[in-house]
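Sequences listed follow chains A and B, in order. Numbers in my numbering are just positions in the first sequence, counted from 1, shifted up by 51. Numbers in my numbering are just positions in the second sequence, counted from 1, shifted up by 51.
For the record, the hints were derived by calculation from the structure and aren't laboratory data. Any given hint could be a false lead.
Which copy? The list can't say, so a pair holds if one copy fits it or any two copies do.
Claimed, not checked - Capping the alpha-carbon separation at 20 angstroms, the derived lysine to aspartate or glutamate pairs in EDC-like fashion look like this: (1) Lys126 / Glu200; (2) Lys61 / Glu399; (3) Lys263 / Glu148; (4) Lys299 / Glu201; (5) Lys126 / Asp249; (6) Lys210 / Asp54; (7) Lys387 / Asp326; (8) Lys387 / Asp207; (9) Lys321 / Glu201; (10) Lys423 / Glu205; (11) Lys125 / Glu201; (12) Lys395 / Glu174; (13) Lys263 / Glu200; (14) Lys125 / Asp249; (15) Lys237 / Glu212; (16) Lys84 / Glu399; (17) Lys299 / Glu200; (18) Lys125 / Glu247; (19) Lys126 / Glu247; (20) Lys477 / Glu205; (21) Lys395 / Glu281; (22) Lys139 / Glu396; (23) Lys155 / Glu247.
There are 2 protein chains.
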Amino acid sequence: MTDLATTSGKLPRIVIVGGGFGGVELAKRLKNKEVEIVMLDRHNYHTFQPLLYQVATGGLEADSIAFPLRKIFKKQKNFIFRVTEVTKIVPEQNILETSIGPIKYDYLIIATGSDTNFFGQKEIEHYSMPMKSIPEALNLRSMILQNLEEALIEIDPVKKESLLNFVVVGGGPTGVELSGALAELKKHVLPQDYPELDMNQVTIYLVEGSPKLLGVMSEQSSKKSKEFLEEMGVKVLTDVRVETYDGKVLALSNSQAINTQNVLWSAGVKGALLDGLPKEAIARGGRVLADEFNRVPGFDHIFAIGDVAAVITDEKPNGLPGVAPVAIQQGKQLAKNIIHLIKKEKLEPFKYFDQGSMATVGRNRAVVDIGKIRFQGIFAWFVWMFVHLMSLVGFRNKVVTFVNWVWSYFSYDRGIRLIIRKFDRKSMTEDPCAK
Amino acid sequence: MTDLATTSGKLPRIVIVGGGFGGVELAKRLKNKEVEIVMLDRHNYHTFQPLLYQVATGGLEADSIAFPLRKIFKKQKNFIFRVTEVTKIVPEQNILETSIGPIKYDYLIIATGSDTNFFGQKEIEHYSMPMKSIPEALNLRSMILQNLEEALIEIDPVKKESLLNFVVVGGGPTGVELSGALAELKKHVLPQDYPELDMNQVTIYLVEGSPKLLGVMSEQSSKKSKEFLEEMGVKVLTDVRVETYDGKVLALSNSQAINTQNVLWSAGVKGALLDGLPKEAIARGGRVLADEFNRVPGFDHIFAIGDVAAVITDEKPNGLPGVAPVAIQQGKQLAKNIIHLIKKEKLEPFKYFDQGSMATVGRNRAVVDIGKIRFQGIFAWFVWMFVHLMSLVGFRNKVVTFVNWVWSYFSYDRGIRLIIRKFDRKSMTEDPCAK
């Protein structure tokens, strides 16, 4: 079926599974090198995950934060791309099994990123909404808007309450940003769109299992983000865990029960594992173990980078954070090391350079940690916007996003509140029969 | 279930079914009048249908040509909106049956627009792609892009050919614009995205049953549009009808058979009828009969405007063309007449003012008829762009669309070629399980 079942034997073939931050950086760095690059992804586009929450809350179009992978590499001659689902690695044969047939590799790079982790709780997985991909963010947007429409005509007060309670689970950057964006929707958009609804009935909760929000950031940023959220009317519950959720009532570890049909799950991630690796190569959280050269132990030609890789060192016993800069830096370093390998030179170990971290809570409110420097508020918010705008792939995306942000800033509006694909609560996915 | 099952009795309630050009214009014109307006639509947004083909071919985001209906009317106090599917009119009781329960009306306006007409050919309906709504345009985009990805790995030459033959059926404005846009994709975008594909294998056909393209326009525009399309490499077949299509082979009335998996159907429309009207009120093409006051014969309080209305007069025995200006003008006139009715004044008959018509074929190529004035080419193209840009609802949409068009013009690119929802050929709709 596929023309990639064998290698030509002329150039070493580097197969990259995943077109995220790490995979794209690696492939770019191998431009003009004497290699054949094959990138595989289930989608034909790269997703700028840090802004998914804006797609979910009507601030940006999906197309503004995604970029066709073929377009990124349109001038790169040694690059081949295929849309496919990789089902298994067969390391003994240097082969990947995929939905378009077997694909042979000389070097394999696992850059599959992470999936939402429901920690084995099947019921929660079924009834709550994850937000790790563009279709998921769009489903979330549809669900929120449909529940508001439904609340409008619901006369049973208990059912109505459950449609108007929004619970974000997980107080990392995604959870903080999502609950902040919902609070702004509630304040600036919903009163105009739904004059018939009593806004006092709309409640937004943020539930975090640990004692603090933004666990990876400084104490100061953590405290300030909580303060910001509370100013904006979000009920922040820290040190509280979700026990069960049956689609109607969310039971919490502090014995509180929230009557809600809107549970947005951002409480954890796990590696997006591929089948076929031995148990010894798998780390905690479904990630792939990797040494300081990003090599998977036991294999000379298999590497893992980005969110899926667990680079465990004595210094960092939990590995590195699952953020874009780690993936990008690993992709860059691995490009060098693959060339070293081919030339039979000595490999250089990967060193993570921490550029700092930031999160936005809402209009004029963000928190930034850069080394020992911490700042919060409006300047942090501008820094956050600038960094994210500049990181978007493509000039068109930058301009369109900029226009949308400027527009939202001055109009207090979020223009993109369309239910394009109806969400179906029974199947918890979009309604395939919607016209 | 719904609070609209009865009227308050204070103000006359005007129920408008459909948030298209006619319905929106009518509701706007009734602002500040002593009436209660209830608008019902299956979607929560207004669609700018003339630009759907740009969504289907990657030129614009869906969100740029749609606008939330609630937002259009956010400052209109006498306006109520509900997302619902109307299933039936019960004229004896002045009631609509809907998916959210019964809704009572004093005046009913049917502004449901049109659906794709397959003229009863079930097999063609199943296997070909219509383009009358945003989800349909997005499905079309996904199908085109997925078939290109598939062609890349297909080794059977017959199957490969069928993935690379594109057939647009119907030579009205939509068919002309769609085939032109595909020709530009083929020329400027696909060679860079798919360097592995031989562009000579990609063929675009436009099949029209009558002897001329753009039947409603002047002879000159018709001829010129054909010339433009042929210059751009489109194979234009006029006076040729589709006989059968089984998903693989399209059989034509000139005995030609085209091996294709891409059939885009824009060959006809029919009224989007509601159940419950008597046979005498239904005209040819599934439309609702209406007199010069847009009143449905036999009913004093039921009106039809826009594409769904068949205003048959001696002057216009086939009714008026199914275009936005007719709907808008009827909406405007009907607003006046409803006020007349309420005040028991004499009604004013509707007179259509033909502002002219236009169609774009491609870059620098459009045709315009305004009264006796006809022009084609680059100036016509700028006029077309200006008119369409200005007609888009919302300042944000205008700016974002303008940025996209300027970007496409200078880069020869169409940025938005993402397969966001995978299209499933078996069900001929999007894949509900895609992540």
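The hints, checked one at a time:
Taking the shortest Cα distances, Lys126 and Glu200 sit within 20 angstroms of each other only across copies (18 angstroms), while inside one copy they are farther apart (47 angstroms). In the homo-oligomer, the alpha carbons of Lys61 and Glu399 never lie at most 20 angstroms apart, since the shortest distance is 26 angstroms inside one protomer and 81 angstroms across protomers. For a Cα distance limit of 20 angstroms, the shortest separation of Lys263 from Glu148 qualifies neither inside one copy, at 43 angstroms, nor across copies, at 51 angstroms. Taking CA atoms no more than 20 angstroms apart as the test, Lys299 paired with Glu201 passes inside one copy only; the shortest distance there is 15 angstroms, against 43 angstroms between copies.
In this homomeric assembly, Lys126 and Asp249 come within 20 angstroms of each other (Cα to Cα) only across copies, at 17 angstroms, whereas the closest approach inside a single copy is 55 angstroms. Within a single copy, Lys210 and Asp54 get their C-alpha atoms only as close as 55 angstroms, which misses the 20 angstroms cut-off; across copies the closest is 16 angstroms, which meets it. Neither within a single protomer nor between protomers do Lys387 and Asp326 lie at most 20 angstroms apart by alpha-carbon distance, with minima of 27 angstroms and 68 angstroms respectively. When the C-alpha separation of Lys387 and Asp207 is checked against a cutoff of 20 angstroms, the pair qualifies neither within a copy, at 63 angstroms, nor between copies, at 39 angstroms.
For the identical chains of this complex, Lys321 and Glu201 are neighbours neither inside a copy (34 angstroms) nor across copies (31 angstroms), given an alpha-carbon limit of 20 angstroms. Proximity of Lys423 and Glu205 under a CA criterion of 20 angstroms is satisfied in neither setting, with 51 angstroms inside one chain copy and 56 angstroms between copies. When the C-alpha separation of Lys125 and Glu201 is checked against a cutoff of 20 angstroms, the pair qualifies only between copies, where the shortest distance is 18 angstroms, while the shortest distance within a copy is 46 angstroms. Taking identical chains as interchangeable, the C-alpha atoms of Lys395 and Glu174 are never at most 20 angstroms apart, the minima being 51 angstroms within one chain and 61 angstroms between chains.
Proximity of Lys263 and Glu200 under a CA criterion of 20 angstroms is satisfied in neither setting, with 34 angstroms inside one chain copy and 46 angstroms between copies. Taking the shortest Cα distances, Lys125 and Asp249 sit within 20 angstroms of each other only across copies (16 angstroms), while inside one copy they are farther apart (52 angstroms). In the homo-oligomer, the alpha carbons of Lys237 and Glu212 lie at most 20 angstroms apart inside one protomer (15 angstroms), although the nearest pairing across protomers, at 52 angstroms, exceeds that limit. When the C-alpha separation of Lys84 and Glu399 is checked against a cutoff of 20 angstroms, the pair qualifies only within one copy, where the shortest distance is 18 angstroms, while the shortest distance between copies is 76 angstroms.
Within a single copy, Lys299 and Glu200 get their C-alpha atoms as close as 18 angstroms, which meets the 20 angstroms cut-off; across copies the closest is 42 angstroms, which misses it. Only between protomers do Lys125 and Glu247 lie at most 20 angstroms apart by alpha-carbon distance; the minimum there is 12 angstroms, versus 51 angstroms within a single protomer. In the homo-oligomer, the alpha carbons of Lys126 and Glu247 lie at most 20 angstroms apart only across protomers (13 angstroms), although the nearest pairing inside one protomer, at 54 angstroms, exceeds that limit. For the homomeric pair Lys477 and Glu205, the shortest alpha-carbon distance inside one copy (18 angstroms) is at most 20 angstroms, but the shortest distance between copies (37 angstroms) is not.
In this assembly of identical chains, Lys395 and Glu281 lie within 20 angstroms of each other by CA distance neither inside one copy nor across copies; the values are 57 angstroms within and 56 angstroms between. Proximity of Lys139 and Glu396 under a CA criterion of 20 angstroms is satisfied in neither setting, with 30 angstroms inside one chain copy and 76 angstroms between copies. In this assembly of identical chains, the alpha carbons of Lys155 and Glu247 lie at most 20 angstroms apart only when taken from different copies (19 angstroms versus 60 angstroms within one copy).
In this structure, the earlier hints numbered 2, 3, 7, 8, 9, 10, 12, 13, 21 and 22 are contradicted, and the remaining ones agree with it.
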